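Turn these sequences into a full structure, and let the hints steer you where they fit.
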Amino acid sequence: MSLFLIVALPFLGALLPGLMIEAGRRACGLTAFFISLTAFVGLMTHVPAVMSGEVISAQVSWLPDFGLNLNLFLDGLGLFFAMLILGIGMLVIVYARYYLSRDDNMGEFYTYLLLFQGAMVGIVLCDNILLLLIFWELTSLSSFLLIGFWKHLAEGRQGARMALTVTGMGGLAMIGGMLILGQIAGSYDIQVILQNREAIQSSELYIPALLLILLGCFTKSAQFPFHFWLPHAMAAPTPVSAYLHSATMVKAGIFLMARLWPVLSGTDAWFMIVTSAGLITMVLGALIAIFKNDLKALLAFSTVSHLGLITMLLGVGTPYAAMAAVFHILNHATFKAALFMSAGIIDHETHTRHIPALGGLRKLMPVTFTLATLAALSMAGIPLLNGFLSKEMMLETAAHLTLFDSHLLVPVAATVGALFSAAYSFRYISHVFLGPVRDDYPAHPHDPPRGLWGPPALLVVLVVVIGVAPFLAEPLVMQVTAAVLGETAEVPNIHLAIWHGVTPALKMSGIAVVGGILLLLAYAPLSKIWEALPRPEAKAIFDAIMDLFVGIAGRVTRALHNGSFTMYAAIFTLTVTAVGAHAWFTGETGAATRALLPLEPLPLAGWMLLVLATGFLCFMHRDRLLALVLMGVVGVIVSLGFNYLSAPDLALTQLSVEVVTIILLLLALNFLPNRTPAESSSGRRLRDGLIGIVAGLGSAGLIYTIMTRNFAFQSISDYHLENSYKGGGGTNVVNVTLVDFRGFDTFGEIIVLGIAALIIYALTEALLGGPVRARLLNRKPDQLRAGDAHPLMMVVVTRVMLPVVLMVGVYIFLRGHNEPGGGFIAGLIVAIAVVVQYMASGFAWADARIRYPYHGIIGAGVLVAGLTGIGAWFFGKPFLTSAFGYFRIPPMEEFELATAMGFDLGVFLAVVGAVMLSLESYARLARRSNDIVSDHAMDIDPSRDDAQTEGQEG
Amino acid sequence: MELLVASAVGVLTAAGVYLVLRLRTFPVIIGTSLLSYAVNIFLFATGRLAVNQAPILRDGVETYTDPLPQALVLTAIVISFGMTAVVVMIALGSYLSANDDHVNQREEGQPDSGRVDEPDAPRPGDGATREALQ
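Heads up: the protein sequence lines correspond to chains A and B, in order. Going by my numbering, the first sequence opens with residue 11, and the numbers climb by one from there. Going by my numbering, the second sequence opens with residue -7, and the numbers climb by one from there.
Rather than coming from a laboratory, the hints here were simulated on the basis of the structure. Among the hints, a few may not be true.
DEER-style ranges, computed between Cβ atoms [to be verified]: (1) A/V589 / B/Q97: 21 to 31 Å; (2) B/T55 / A/P900: 49 to 59 Å; (3) B/T55 / A/R568: 53 to 63 Å; (4) B/T55 / A/V202: 33 to 43 Å.
Going by beta-carbon spacing under 10 Å, a handful of chain A positions derived as facing chain B [as the list claims (entries may be wrong)]: (5) T380; (6) V566; (7) L570; (8) G573; (9) A580; (10) A657; (11) I716; (12) T774; (13) P781; (14) G832.
Below, a sample of chain B positions facing chain A; criterion: calculated Cβ distance under 7 Å [said to hold, decoys possible]: (15) S(-1); (16) L35; (17) Q45; (18) V53; (19) L60; (20) F73; (21) A90.
Just so we're clear, the structure is a prediction, and the values are computed from it rather than from any experiment. For each residue, glycine too, the CB sits at the ideal point set by N, CA and C.
The structure is reproduced here in structure tokens:
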């Protein structure tokens, strides 16, 4: 099976459980199981090749310019981890099927689980560190969802957040480290990086890269001092704990250390940091675990401790230690997953995980007892179980290790760690299962159904088989070790065996087991002392730090985002001006290269009018009606200016938009106060004026400089001018640009315009559906109403004008391709013609005569434009490719037909619909249900003679 | 000529910014409209100015003004209408619901801070409602 498919299967499969839950819990669980099984079987097809030393890879270039490629590769290490992830994943899926109660949303659970599984498989199979980072963050996110799966539990939510914060922070650090690593190696492909050991270790950036990457690994794998999140993640459902904390999430950091072992390890820095962190974590985790009264907390800290052990082994940097680490990863995954599942069974059956409330379960739950005991003994390192073998190898390594110039430090610490480990394992057995049967369990315990004990049983079988016959696991361990070592060293030529003779390791092991038993015997007094000792509470410290940051963030946010729009605008304006000024004063401007156009009297007059109108606008803006008039003046001059400066299309557009904007603002002003009260002090006005002047000087200076200089580079405009007729079939280059060269932009724009109109419609509906409606209906006009609501002259003129204006609209539309005009302008003109009908004859009169809803017109416009674009597909051309031809139908002259016209028709319809829908929505605010509208143009006040009018109609 | 256009952009920007910094919705909207003019002229002018060189291809005519900024500004004008319409609707909605057309949230921690008693501010809606209820 393709490696891509193996990674993609869990992600694709994640879509299914949510659907399959409709078919029942059984179907849902089976679906998730078979997805994992398929991926697992697919993985297994590669086993023969990988075991013979091949490396399988699959490559797709994704963003080669950034060195980000979808490259996957499968070697011994990847295979080993992928087997653990998928294999234990299947067991967890079966277990969860029976563990989750009917109140839990099983579909959601399996979706998260499969997402997580996919991300983990992605990490271990990917051959690109950037891709690895993506999968890395995906595991953080999906584990957040899993840990917080029981959303109703505060501990679950807090634990999930803590895990995400810590691992996410580490992930950020790792991004930095990985980028540095890629820079040194000159490639982001892992296989290439692994070849560059000398280059990387001799680089002066090696230490920063190492520290950042280790930060990521240590946070993920819960190494001291980042170990505290793991126990809090135990608020998750037990299947999640069994999965995340035995074989997957926390092993991701270990995996990465093993993956990058050939290039990162072997230096003093690596040895000191990794070995010490591992050693401290191992001893500290084990010590805390002994005194935990929550079953899962005990297991959580034991996991922390064992992760420390593996980290320490990886830190040593010898092939033998690496082999021990690999072997212990396998052993720990099997016995720890089994132990978590047993803890889940006990919790499930007795309704408690509190160790002092348990005891004597041996007789009540014999199956669980057997499984848990074997797994716990393996954890304690008892011979004939797999934990013993790798622990021996660890002790063997530790016995010869010198750290901080001490020959005793590591051996003693390792023995103490193993002793504590034996102690909590024995406590797990004796305090839960041994002792007299009690009569105060919260529930009546008995062995669970097969579905719950089956998965741990399978794992325990592995524990025993590997423990008794270690040679069975030897080929795998050898192959994985070879993959970890890469080309740096030979795989040690030793055999995994139970008996090596009376070695120092065996003596240390013996001390640990005996010491563990003694410690357990003295548990009661020791526990009292432990409780009395002052200990730093990790969660309290974490919360305090978080509160500190939240406080700072809150203060900054409140200071900047204080609800004052005016301040935002001022900050924005000043920032833009300051950045622009900085660029201006630090950059260089060449000398003016363009001759200025001569100054003529007509534009000068227009300019004076514009400046005067704008000046008056600033001083008189409190009179809102006057402000609108002045704004209209400015708009008209701007359009005249466009016309003067060779932009007839812009002039037409600006003029027609000006009309609809003013109508719109008038409609709005109908409801708003007519005057703006004087509120700001003169000092404030002066300040705002200064800000405005600074901004104005900046923009004026900038555009003046641009206009007096020629283009620094060849402009693409020449291409448009040359190809407008040849390629687009039109002589109006602006229109051809809109409907052809940049048709896709225009397509987006009409959609935006349509959305804006729909927003306005929706807001109107929301307003009219709420308390505002009553206020609007009872509103007293704040100005005198005209005696004739629909003036005779206006009604008559507008009705006569309508067909004329529509014809003009069609004319403007049709000629648009070759002369000034086109869909935008024609749309605006037709909209104005219709709006004028509303104004003259009244809303109800006009509304009754509109056959098509404006929403539909917008939709039709977008659809027509889109379909015209899609039409190109049928001729094998890309979206929106246009075609044109010339036709002749006698007796008319030859004319042109272009597909761009269909597109322009779409633009036209969308503009008409959008403008009309907006204005109509505004108008509806003013409408009352009892408005009486006459059909007769001569009626000045239809309410005056209602009966007669109706009579005539009848 | 260039000086006229540049100074017009400057004047419109200055006035636009000044009005945007006012405290009520209506002048802010007028201000954004002025800023739209300024920005549109600015973009248009980046194509450099030309008189009587409209980008309509004619036989025998060799020089045309830059058509590209014109095409961009044309859609910008239409879109700015859409934007103005939405902003005005939002302003109107908030005024009609809260009877207040201030653009700034007044005081920190005051949930209904939009509504502030101000004797000098005209409040037609309220008065009308009260009268109608009587």
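How the hints compare with the structure:
As the Cβ distance of A/V589 to B/Q97 is approximately 27 Å, the hint placing it in 21 to 31 Å holds. Checked against the hint of 49 to 59 Å, the C-beta distance between B/T55 and A/P900 comes to roughly 38 Å, which is inconsistent with it. For the pair B/T55 and A/R568, the supplied restraint of 53 to 63 Å holds, since their beta-carbon distance comes to about 57 Å. Evaluation of the 33 to 43 Å hint for B/T55 and A/V202 yields a failure: the beta carbon distance comes to about 55 Å.
At a threshold of 10 Å, the smallest CB-CB gap from A/T380 to chain B is about 62 Å, leaving the interface hint violated. A hinted interface residue such as A/V566 counts as satisfied when its beta carbon comes closer than 10 Å to some beta carbon of chain B; here the least separation is about 15 Å, so the hint is violated. Look at A/L570: its Cβ only gets to about 13 Å from chain B, farther than 10 Å, so that hint breaks. A distance limit of 10 Å between C-beta atoms decides the matter here; for A/G573 the minimum to chain B is near 3 Å, and the interface restraint holds.
Nearest Cβ of chain B to the Cβ of A/A580: about 6 Å, under the 10 Å cut. The hint holds. Interface restraint check for A/A657: the shortest CB-CB distance to chain B comes to about 5 Å, inside 10 Å, so the restraint holds. Hint status for A/I716 relative to chain B: holds, with the closest Cβ pair at about 6 Å, below 10 Å. Given hint, A/T774 at the interface with chain B, holds; its Cβ is 7 Å from that chain's nearest Cβ, closer than 10 Å.
For A/P781, the suggested interface contact is upheld, since its CB lies about 8 Å from the closest CB of chain B, less than 10 Å. Hint status for A/G832 relative to chain B: holds, with the closest Cβ pair at about 9 Å, below 10 Å. For B/S(-1), the interface hint holds, since its Cβ comes within 7 Å of a Cβ in chain A; the closest pair sits about 6 Å apart. Restraint check, B/L35 versus chain A: the minimum CB separation of about 9 Å is more than 7 Å; hint violated.
Look at B/Q45: its Cβ gets to within about 5 Å of chain A, closer than 7 Å, so that hint holds up. At a threshold of 7 Å, the smallest CB-CB gap from B/V53 to chain A is about 11 Å, leaving the interface hint violated. Hint on B/L60 holds. Least Cβ distance to chain A is approximately 5 Å, under the 7 Å limit. A distance limit of 7 Å between C-beta atoms decides the matter here; for B/F73 the minimum to chain A is near 5 Å, and the interface restraint holds.
Below 7 Å, beta-carbon pairs count as interface contacts, and B/A90 has none with chain A, the closest being about 10 Å; its hint is therefore violated.
In summary, the numbered hints that this structure violates are 2, 4, 5, 6, 7, 16, 18, 21.
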